[in-house]
Every structure is written in structure tokens, then in C-alpha cells.
Amino acid sequence: MNKLKQRAIISGTLSLLLANGCSLKNSDHSAHLRIEPAIINASPAPQTILQSTLLVDQEGFTPAIDVNAQPKDSWQYLISLFSIPQEDNTRIDKAVSWYLAHPKYIETIQARAKPYLYAIIKEVEAKGLPGEFALLPAIESGFKAHAYSHARAAGLWQFIPSTGKIYGLEQNWWYDGRRDIYASTEAATSYLKNLGELFEHDWLLALASYNAGQGNVKRAIKRNRAKNKATDFWSLDLPRETERYVPKLLALAKIFANAKHYGVDLMKLDHKPSFSAVNIGSQLDLSLAAKLSDTSLNELFQLNPGCNRAYTPPKGPHRLLIPIDKVDLFEENLASLADQDRIKWQRHKVISGDSLSRIAHRYKTQVKVIREVNHLSNNTIRAGTYLLIPLAQGKINNNPFIQASQLKPNNKHSTYTVQAGDSLWSIARKLDLHSRDIARWNHIRLKAPLPLGKKLIIKKTNKETKKYTRRKSVIQPIRYTVRSGDSLSTISEKFNVRVADLRKWNKNSLGKYLKLGQKLKVKVDTTQPST
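Those letters in the sequence shown? Residues 287 to 817, per this note's numbering, in order.
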């Protein structure tokens, strides 16, 4: 078996890349997929620095399926795995009509699914789930890996923070496992499998629980039993969103299975892996990884949406998804990369009494290095802020961190004069920058009030880093429904925004008091950890 074929067969099984499987014990949840990131340590053993997916323990391995023996088209193969009986129901018919009235949507989700579909199908199949479940990301996120909801659900499978944690999806400043293609798919399929077992393989009840929470579904069943009513999905009194959610998936599966009848064109998609997971061993600059693999930075971020920063997490998972046809090149180039060129550095929290010289001495580096990496114009630092400390030795100008820095300093900096109603967020949006960068350049807190007339230093960016900054800001507007006990203050803390901005975004709808059920517009930076 040649190397490429071997990699193609093995890289399809997502669960084998994740060291920690998770069992289901999920609490009651509301309308979004309640999968909180459990801490999945996907980092391979340190002695295997440059292996792709072959690095996983073979014990308990799901037997590999010969790709050549399968249908050549992923959509057709997926349809062959459909197993939920089709039935006549007005709710399904209504959803079918909606999809057929919006053919662009069906076309869009097929295009978005292209990089991920093979891997999702393999994991759904490995877990023994109905093939229809591979379409769930279309319902949850529209196959958008960076999707974010008002319930703070994130990723293809829309895990909320709490459920994600239950299932080992780590969420921190560096990384959000809810957006990690491998980790989130493993978690979601484990969750669905457990729900299926909980409801004795009644997959419609499992789907309803995935959306509304198993507690809500159990209570609905209990109410019906008390009234001697049927307890199938169609007979239960469930939240309105859930009553629509299940039919949406069944309708989409029905359309795909009968595409010719409905006049829908399914894109041809070779049923083979489009990427492979490579163990990179330690932290790496993503811009450098793109160069080593001869891959565009945009494609690399599309395959690795769990990365919140321009570099992989220092503590792992030390795994990158690389286009399948670039893996050999990447592994060869990475193997020849000197350790000091990989970007080893630490995020240091400044404490009272710290100084740049003391920090530099502690990490065996130089003050000028710390200042250059963190865009500091002088030696002033403030307790509670963070500094990025390069741990590698060598010339700073050759450090890949500097090359991939989100915003490179220029000798001549422009300034911005604060105007009435300005906030760091609004200024960043105006100038196509990131609010955290502006805060760092000017040594101010992210939510600090800005005095009218204050001049802010604005550092120019080059074309590549500007593209990266726009992409990684990922500001998404959402609609938040006011709940009992909410205040503007608690809502601002929940989404890491300013009260002043909440007022600004909702100036036409806010009264003296918040009203239960009131809809508020919130613009969320999805790369920031939720509280």
C-alpha cells in the first residue's frame, strides 16, 4: 500500500486522532446544541514529532474501508447510509418547500461542506449513526466553521460553552475546540450516539434532545405518558424551535435522497480525504505553516478554525490539518526547520512589581525583543496585562512570530482623534483593525472609556496581515433575547462587550428598563472566550 493511499484510508477516522473520548452525562439545555467543550488532549506522544494520522493507537481501531470499493461520490455514498424511514408529515413538507424555494441555500451548503464532508461521513459511519446525521451541520451552522449564535454556540456543530466542556472541547485564549473540525465532530457524534442509546435508538428523539436538551425531551415524554398519549417525537409538546429542527433535517435528507425528482443538482465530490492531520510536535506560527505546506493562509485557517491566534496553542493540541496533497511537502519542510525558528514563546501575565528588565531576565531574553514583539513604544507595562515572550534565541528579525505578527509596526505611526460616541470597537471597525491591537498600542484596557479628543496611536499593517486581522476578528451580529435577571451589565459581561456599545447598537429600541423577551443586537468577537 503506497503512502498516499495509506494516509487517505486512515485519516478518515476522526475519533482516532483524539486521545480522550467522552461519555455522555449532559444536563438540561435549551434550544441550541448543548455540547460544551470537554478538554480533548489531541496532542500525540512527544517522541512522534512528525507523523500524520498514523500516530494513533491501533487498538480498537475501526477497520479501514477501502476507498476504491466505495462509490466515488461523497454525496451518493452519504445517501447510501441514510437509514431513518421517510414519512409523510406536514412539518417535513413545509421544510421541503422552503428548501426548494431557496435553491441557493442548498448550493451554498454543498460548497461549504466540501472540505469537511468526507471526514464527517467517516466519523458518523464509525459511530454507527444514521447517515442523515452528517447533514446536521447544515442545520446547525450552515456548514460554517466560524458560526456563532445568540446562545454562544460555536462551530459546525454549535456547541455551547458548557456542553463543550463536558465533551472535552477546550476553550481558551488560544484555541476553541468547538470550532476544531476533528475535535468537535468527535464530540458531536459521541453525544448523538449516547442520546441514541438513551432513547433506545429512537433517532428522532435523539435529534430533539441534541437541540432542546435531553431533560426537556424526557419531561415531554413524562407528560404524555401521564395523559396516556403517544410518546413519539411527533406527539410531544416541545419547544417551537425543536419542533421545526427535526423536520428540517429530515426534509434536507429527503431532498438529497430524491434530488433528481426535486430538480436539485448535487455537486460532484470525490469520496476521498481532502486533508490529513499532522502532528507538529509543538507550537508553530500558522503563517510559517502555510509557507511550509505551500498553502494559502486562508485555506489553512479554513481547515483549522479552532485556532484563535496567528499561532497554534503552546500547550496543544499540536495538530494541524493540511491539504492531503501538501502533507508530504509540509512534513519534509517541517522536519528540516530549526527549533529556534518554530516560534516558542510564552504568554506572561504582568503582576505588580514586574518590569521589562526583570521579565527579560526571567525568560533569558532581551527587553528590546519583548518590546518589539508586543509593539511597546516604551518600557511602561501595567499589572493584569499580558506580554508575549519569545523563548527562542536568535535575531528578532528572523523570528517567525515577527514575520506573522497581526499588526507590524511602522516607523511612522498615524494617530486617530477620539470623537463623541467612539469606543475601541467602533474605531477598530472604522479602520479595519482589531480593538485589542489598538488597546495594546496605546496601553489601555479594552473596555476603558475614551476621553473626547484623545489621540490614539494607529500602526499601519501590510496587505497580508490586514487580511488576517479582518478574518480573525470574526465580528458576528447576533440577536439576544432578554431573560429574567438580565441587565445591560450582565449581558455585556456575557459577550465581552461594553455597556456603551450595547446602548449604541440598540439605541432605537432601548427604554429605561429591559423587558423580558426583548431582542437586543449584540456584535460579538467570536475568537474571545465566553464567560
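If you are wondering where the hints come from, they were derived from the structure by calculation, not from laboratory data. The C-beta atom is built at its ideal place from N, Cα and C for all residues, glycine as well. Each hint should be verified, as a subset may be incorrect.
[Unchecked claim] DSSO-like cross-link-like pairs, simulated, lysine-lysine; straight-line CA separation at most 27 Å: (1) Lys515 to Lys430; (2) Lys740 to Lys793; (3) Lys577 to Lys400; (4) Lys801 to Lys733; (5) Lys733 to Lys809; (6) Lys733 to Lys745; (7) Lys733 to Lys807; (8) Lys400 to Lys479; (9) Lys798 to Lys809; (10) Lys809 to Lys790; (11) Lys546 to Lys479; (12) Lys809 to Lys745; (13) Lys601 to Lys451; (14) Lys809 to Lys430; (15) Lys554 to Lys515; (16) Lys733 to Lys650; (17) Lys413 to Lys380; (18) Lys577 to Lys413; (19) Lys380 to Lys358; (20) Lys612 to Lys390; (21) Lys413 to Lys390; (22) Lys793 to Lys780; (23) Lys790 to Lys716; (24) Lys798 to Lys741; (25) Lys790 to Lys740; (26) Lys740 to Lys716; (27) Lys358 to Lys546; (28) Lys780 to Lys790; (29) Lys390 to Lys601; (30) Lys577 to Lys612; (31) Lys400 to Lys508; (32) Lys577 to Lys809.
[To be verified] Ranges between beta-carbon positions, derived for each pair: (33) Gln632 to Asp518: 30 to 36 Å; (34) Lys798 to Asp374: 22 to 28 Å; (35) Ser773 to Lys741: 29 to 35 Å.
Comparing the hints with the structure gives:
1. Lys515 to Lys430: At roughly 39 Å apart (the allowed maximum being 27 Å), Lys430 and Lys515 break the hint.
2. Lys740 to Lys793: 25 Å, holds
3. Lys577 to Lys400: Holds, at roughly 23 Å.
4. Lys801 to Lys733: Holds. Lys801 to Lys733 sits at ~25 Å (cutoff 27 Å).
5. Lys733 to Lys809: 14 Å, holds
6. Lys733 to Lys745: 20 Å, holds
7. Lys733 to Lys807: Distance of about 18 Å is within 27 Å: holds.
8. Lys400 to Lys479: Satisfied, since the Cα-Cα distance of roughly 24 Å is no more than 27 Å.
9. Lys798 to Lys809: 21 Å, holds
10. Lys809 to Lys790: 11 Å, holds
11. Lys546 to Lys479: Violated: Lys546 and Lys479 sit about 31 Å apart, past 27 Å.
12. Lys809 to Lys745: Holds - the C-alpha atoms of Lys745 and Lys809 are around 24 Å apart, at most 27 Å.
13. Lys601 to Lys451: 17 Å, holds
14. Lys809 to Lys430: 18 Å, holds
15. Lys554 to Lys515: 45 Å, violated
16. Lys733 to Lys650: This hinted pair is violated, its Cα atoms lying about 33 Å apart.
17. Lys413 to Lys380: Status violated; Cα separation ~31 Å.
18. Lys577 to Lys413: 36 Å, violated
19. Lys380 to Lys358: Violated, at about 32 Å.
20. Lys612 to Lys390: Distance of about 32 Å is beyond 27 Å: violated.
21. Lys413 to Lys390: 31 Å, violated
22. Lys793 to Lys780: Holds. Lys793 to Lys780 sits at ~20 Å (cutoff 27 Å).
23. Lys790 to Lys716: OK: Lys790 and Lys716 at ~15 Å, within 27 Å.
24. Lys798 to Lys741: Outside the cut-off at roughly 33 Å; violated.
25. Lys790 to Lys740: 20 Å, holds
26. Lys740 to Lys716: Holds: Lys740 and Lys716 sit about 16 Å apart, inside 27 Å.
27. Lys358 to Lys546: 18 Å, holds
28. Lys780 to Lys790: 17 Å, holds
29. Lys390 to Lys601: Not satisfied, since the Cα-Cα distance of roughly 41 Å exceeds 27 Å.
30. Lys577 to Lys612: 11 Å, holds
31. Lys400 to Lys508: Not satisfied, since the Cα-Cα distance of roughly 41 Å exceeds 27 Å.
32. Lys577 to Lys809: 33 Å, violated
33. Gln632 to Asp518: 30 to 36 Å: 55 Å, violated
34. Lys798 to Asp374: 22 to 28 Å: 51 Å, violated
35. Ser773 to Lys741: 29 to 35 Å: With a Cβ separation near 34 Å, Ser773 and Lys741 satisfy 29 to 35 Å, so the hint holds.
The structure does not agree with the numbered hints 1, 11, 15, 16, 17, 18, 19, 20, 21, 24, 29, 31, 32, 33 and 34 stated previously, though it agrees with the rest.
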